[in-house]
Amino acid sequence: MTAPHNSPPSETQKIASEQWADIGVNLTDRQFHDDREAVIERAACAGVTWQLITGTTIDESRAAIALADEHPGLFATAGLHPHSARFYSPALEAELRDLLAHEQIKAAGEMGLDFNRDFSPRPEQERAFEAQLALAAEYKLPVFLHERDAHERFLPILKSFRDTLPGAVVHCFTGSREALFAYLDLDCHIGITGWVCDERRGKPLAELLPNIADNRLLLETDAPYLLPRDLPQAPPEKRRNEPALLPWIGQRVAQLRGQETQQVAAMTYQNALALFR
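Just so we're aligned: the sequence shown equals residues 1 to 277 in the numbering used here.
To be clear, the hints were calculated from the coordinates, so they are not data collected in a lab.
It cannot be assumed that every hint is accurate.
[Claimed, not checked] Here are the computed distance ranges between Cβ atoms for each label pair:
| id | residue 1 | residue 2 | range |
| --- | --- | --- | --- |
| 1 | ARG229 | LEU92 | 34 to 40 Å |
| 2 | ARG86 | GLN19 | 36 to 42 Å |
| 3 | ASP98 | LEU184 | 31 to 37 Å |
[What the hints assert, rightly or not] Straight-line Cα separation of at most 20 Å, EDC-like style, residue types lysine to aspartate or glutamate; simulated pairs:
| id | residue 1 | residue 2 |
| --- | --- | --- |
| 4 | LYS140 | GLU103 |
| 5 | LYS238 | ASP114 |
| 6 | LYS159 | ASP185 |
| 7 | LYS140 | GLU93 |
| 8 | LYS159 | GLU178 |
| 9 | LYS159 | ASP114 |
Note that this is a predicted model, so its numbers are computed, not measured.
Note that the Cβ used here is the ideal one computed from N, Cα and C, for glycine as well.
Please work from the sequences and hints to get the whole structure.
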């Protein structure tokens, strides 16, 4: 069989003998429009056999469910990203309820607060966040969380709901030591991306990795975003991240934690299955 165009690097293939779980991938993004099936195939060839497709709007959540319905090993979240929080309404909540009841939905979200870009007013973000946390508790779903430059408001809101939730992951964590320990104290999982592969911006996060307990660590590409900067060859043609590169991120995480790559693959895979049931 001919290798698909834009195939992942051979170094990645060498560390792909284990099963991997990518708990945050935006497969419905338009950047995958032309070759989505090939991207899914490359992920499987790289050992990424479990993927959670992120739903950020009602339409994207529907598309994520449809894609998960078509492919074994693909699952989805359903929620409203804080960027779109201004659109939260009773009608939208009714649609979200229908989506959360779908068997392919493994978490509520992406939800949370983003005070970095403020695409929605902060009071609207907080209102949508609280409403979705309440829905997650009602549907007994773990939550897929987004927090950027909003820790001081995010933490007390999450804390007020945490006892009613079966689980939580702080997706694409890039925060401070204080924030990390606060989330760990709330028994949250921590999602680590290729941010740690960035020698410029990723150093503070890299130094924090050994503080994450084995049973709270999760891996994600956040594809098509956050392409690892330390790939050992020229960037892919489209300069686009994809789930087939998760083993490369996992290898870097293992090095930073002083663990074997196979150990990190196995424990993060099992952590994903345990959290998302």
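For each hint, the structure was consulted:
Range check, ARG229 to LEU92: about 37 Å between beta-carbon atoms, so the 34 to 40 Å window is met. As the Cβ distance of ARG86 to GLN19 is approximately 40 Å, the hint placing it in 36 to 42 Å holds. At about 34 Å, the CB distance of ASP98 to LEU184 agrees with the hint of 31 to 37 Å. Using a Cα cut-off of 20 Å, the hinted pair LYS140 and GLU103 holds, with the two alpha carbons roughly 13 Å apart.
Simply put, LYS238 and ASP114 have alpha-carbon atoms about 27 Å apart, too far for the 20 Å limit, and the pair is violated. With a CA separation close to 10 Å, the supplied pair LYS159 and ASP185 stays within the 20 Å bound. At most 20 Å may separate the alpha-carbon atoms for a hinted pair to count; LYS140 and GLU93 meet this at roughly 16 Å. Note on LYS159 and GLU178: the hinted pairing holds, with a Cα-Cα distance of about 15 Å set against a maximum of 20 Å.
Restraint check for LYS159 and ASP114: the C-alpha separation of about 17 Å stays at or below 20 Å, so the hint holds.
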